[in-house]
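Asks: The primary structure of each chain is shown beneath.
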Amino acid sequence: MAIITAQPAQHGTGSPRTIARKKRPDDTRLAVLLILPATLGLVTFYFWPLLRGIWLSFTSWDLLSAAQFVGGENYVRMVQDPVFWNAIGVTLHFVVLNIGVQTVVALMIAVLMQRLTGSILVRSLILAPYLVSNVVAALVFFWILDFQLGIGNQVLHWLGLDRVGFFTSETWAIPTAALVNVWRHMGYTALLIFAGLQAIPAGLYEAARVDGAGEGRMFRSITLPLLRPILGLVLIISVIGSFQVFDTVSVTTGGGPVNATRVLQVYIYENAFAQFDFGYASALSVAMLAILMIVTFIQYRITRAGQTDLN
Amino acid sequence: MTTPSTLRSRSSRLLGTVLCAAVASVVGLVGCAATPSADSGEVTLDYWLWESLQVPGYQKCAAGFEAENPGINVRVTQYGWADYWQKLTAGLVAGAGPDVFADHLTKYPEFVSRGVLLPLNTLEATKDFDGSVFQDGLADLWVGQDGQQYGMPKDFDTIAMFYNNDVLEEAGMTAADLDNLQWNPEDGGTFEKVIARLSIDTNGVRGDEDGFDPANVATYGLASGGSGDTNGQTQWAWLAAATGWEFTNAPVWGDHYNYDDPRFQASIAWLFGLVDKGFMPSFESVGTAPDPVQQLGSGSAAISPNGSWTISSYGRLEGVDLGIAKIPSGPIGHPVSMYNGLGDSISAQTDHPEEAAELVQYLGSDACQIVIGKEGVVFPARPAGTAAATAAFEAKGFDVSPFTDLVADKYTVLFPVTTNGAEILSIMKPVMDGIYIGSQDVSSLTTVNTKINDLFTTNP
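So the sequences go chain by chain: Y and G. Residue numbering for the first sequence is 509 to 819, as defined by the numbering used here. Residue numbering for the second sequence is -4 to 455, as defined by the numbering used here.
Read the hints as simulated data drawn from the structure, not as lab findings. A few of these clues could be false.
Heads up, incomplete: computed chain G residues facing chain Y, CB under 10 Å, no partners named [unchecked claim]:
{"no.": "1", "residue": "81"}
{"no.": "2", "residue": "105"}
{"no.": "3", "residue": "106"}
{"no.": "4", "residue": "276"}
{"no.": "5", "residue": "295"}
{"no.": "6", "residue": "417"}
{"no.": "7", "residue": "418"}
{"no.": "8", "residue": "421"}
{"no.": "9", "residue": "425"}
{"no.": "10", "residue": "429"}
{"no.": "11", "residue": "431"}
{"no.": "12", "residue": "432"}
Reference excerpt, derived from the structure (chain Y facing chain G, CB under 7 Å, subset only) [unchecked claim]:
{"no.": "13", "residue": "572"}
{"no.": "14", "residue": "762"}
{"no.": "15", "residue": "782"}
Quick reminder that beta carbons are idealized off the backbone N, C-alpha and C, glycines included.
In isolation and in its complexed conformation, chain Y is listed as follows (with noise of 0.2 Å):
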């Protein structure tokens, strides 16, 4: 590492010797030490059950006896499972609405946020949602959308509106959940696309405004553009959450009425820990890691995430 050599000096008073830096001490021992603790939680949370999750896919296994290597015929019978196909369907239904509409909501409050307010106070109660545990969250909005008693339906009642039953119509349980789940998410999201705003620099705003654009003119030209990497970030993370949705359907609809909202991770969890199937249930979950790795690889070609136009 050391590549400063002793010059002669040619001249001056202090000895280069005392001004070139020290040796330093080989510090790669403390760096491993430093890194192996996290390593090793990633080898025994993530890497290990990946590798074990791949390898139960070929197996059938139901917990409490020996694991037996049955080949593909997981996937043979997940290729064959109708209920699969329409989980995917209503996974794509869920993730398509909830992060459609969560994307938008939170562009326009993080440009709310940045150009109308700088209230600390403001930006903590838009996050507040996030805050709640999902399962409180979607237990509140199952009370709340109750066809009997929520306070939801009770005000369409009043405003002479036909009750609607939000959990419990095929039609409107994925719309429902999927809402709910923008309801808790966009204020963090928010906040994802403001921290990307912050490193728009003020003087393009400034320039634009002295030609004479508005704000309109100057969301479109410069906030959108210049926001495209972390849009881009922000939109890979979410849809990945988006997909694994489980706990806002599991303690509403639980799946139902029919499959309606019979999303692959309540399917996974279902033919896991209802039937006890876990080799079907792991090549389940292998099929949703490769889903999310096609899906996520699209995202990041289409929206360059990796890059940004500031310099």
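The hints should help you fit chain G onto chain Y, whose structure is shown.
Replies: Here is chain G on its own, set in the frame of chain Y:
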């Protein structure tokens, strides 16, 4: 705070622990549970059950058992139905489950096939198991396909209809009008006439009067208990079985279901057809967890069919002058109720199988079952226990003969005990929900039946 050297040694210890845990997880976590010390001389048995109303009774039983068996302690633990089975499974996987637990007919076939239950007849205290001391048929439900006894009969249940006397009076009816009701899947018989009479729309028009608005109903004639999944225990089993229909090709351990039978499908079509008539709440309004007890209590339903285990829940409803009526007779000429029995099973993982068997023997004895009966919550499996329960209910002012007469008359059909229970549920439930909603036709049950019966050929 920590020098690198101690950190390193700690890390390597941690690595060892982690690897050990990882290896253990591959092997299946055998032997990871803390084993109780054997030298204390005291044995503690864990007993689990899901019914919270029964905890006080079983605590008394546990005390009685401890008094008779010095040196054995019993720890009674209760979890709600849904948590119960997850806890139990997790406990069995981790080797930390109960020694003895309350078991259900829908669950025990899978426990047997996974080898997690000890047959009672292989243990000293219960080796002379005699099923004839219990109400007829209850012991047979717990005999596995291998002929071994996997559960000690605990209590049984049948179905009857709860109603509010005040509501009957307003309709110009008396309790006598609910006696000897007739039902058939074609026009619903006198049973449908009663349901129609008791249904009232928001304008106060009754279901059997002109101008009844089925879309705006204030009180439904019949409460909803949901779609009933695979067994329709409280919802439709008593209707379909009264046509002569049977679940499977054998009383227990059948390997062919009969959901394709026209009598079954006609019964289902009649029941869920009540929604369009405005005589029963829709799926949309009751959701996935309907509560027939509350429907009666709130006055949103007039007749609420339910199991004998719910008598005390109905009894606690305020402002309801409770009455209990027998379920209607069907085309075969008499009513038929599902006859379900719970049992106590012994975990194969128990460290004290012989002591566990002694506990199970005690739980199945007159001594314990009379105590349980006196609590007035369920009907214990032994006749003396049943009598004690009947007396206890009578003391509370409930005539429970609509439940018990069915057993005395043998107007019962056993709960369907078969393998593949969880798979059958996953196939059947969405379709039954769809039929209740109205988005699927009862004829789709024929396809469902084929799928279910295929399970028995691929996984007998």
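Asks: Now tell me if each hint is right for this structure.
Replies: Cross-check of the supplied hints:
For the restraint placing residue 81 (chain G) at the interface with chain Y, the shortest Cβ-Cβ distance is roughly 7 Å, inside the 10 Å limit, so the hint holds. Residue-level restraint check for residue 105 (chain G) holds (minimum Cβ-Cβ distance to chain Y is 7 Å; threshold 10 Å). For residue 106 (chain G), the interface hint holds, since its Cβ comes within 10 Å of a Cβ in chain Y; the closest pair sits about 9 Å apart. Look at residue 276 (chain G): its Cβ gets to within about 9 Å of chain Y, closer than 10 Å, so that hint holds up.
At its closest, the beta carbon of residue 295 (chain G) sits 8 Å from a beta carbon of chain Y; the interface hint therefore holds under the 10 Å criterion. With 10 Å as the threshold, the beta carbon of residue 417 (chain G) comes within range of chain Y, its nearest partner Cβ sitting at about 4 Å, so the hint holds. Checking residue 418 (chain G) against chain Y: minimum C-beta separation of about 6 Å stays under 10 Å; hint holds. The beta carbon of residue 421 (chain G) comes within 6 Å of a beta carbon in chain Y, closer than 10 Å, and the hint placing it at the interface holds.
The criterion of a C-beta within 10 Å of any C-beta in chain Y is met by residue 425 (chain G), whose closest approach is roughly 5 Å, and the hint holds. The beta carbon of residue 429 (chain G) is positioned within 10 Å of a beta carbon in chain Y (closest approach about 5 Å), and the interface hint is therefore held. Using the Cβ-Cβ criterion of 10 Å, the hint placing residue 431 (chain G) at the interface with chain Y is satisfied: the shortest such distance is roughly 9 Å. Given the 10 Å rule on beta carbons, the hint for residue 432 (chain G) holds: about 6 Å separates it from the nearest Cβ of chain Y.
A least Cβ separation of about 4 Å between residue 572 (chain Y) and chain G falls short of the 7 Å threshold, and the interface hint therefore holds. Satisfaction of the interface hint for residue 762 (chain Y) is found here, the shortest Cβ-Cβ separation to chain G being roughly 6 Å, below the 7 Å cut-off. Taking 7 Å as the C-beta cut-off, the interface hint given for residue 782 (chain Y) holds, the closest approach to chain G being about 5 Å.
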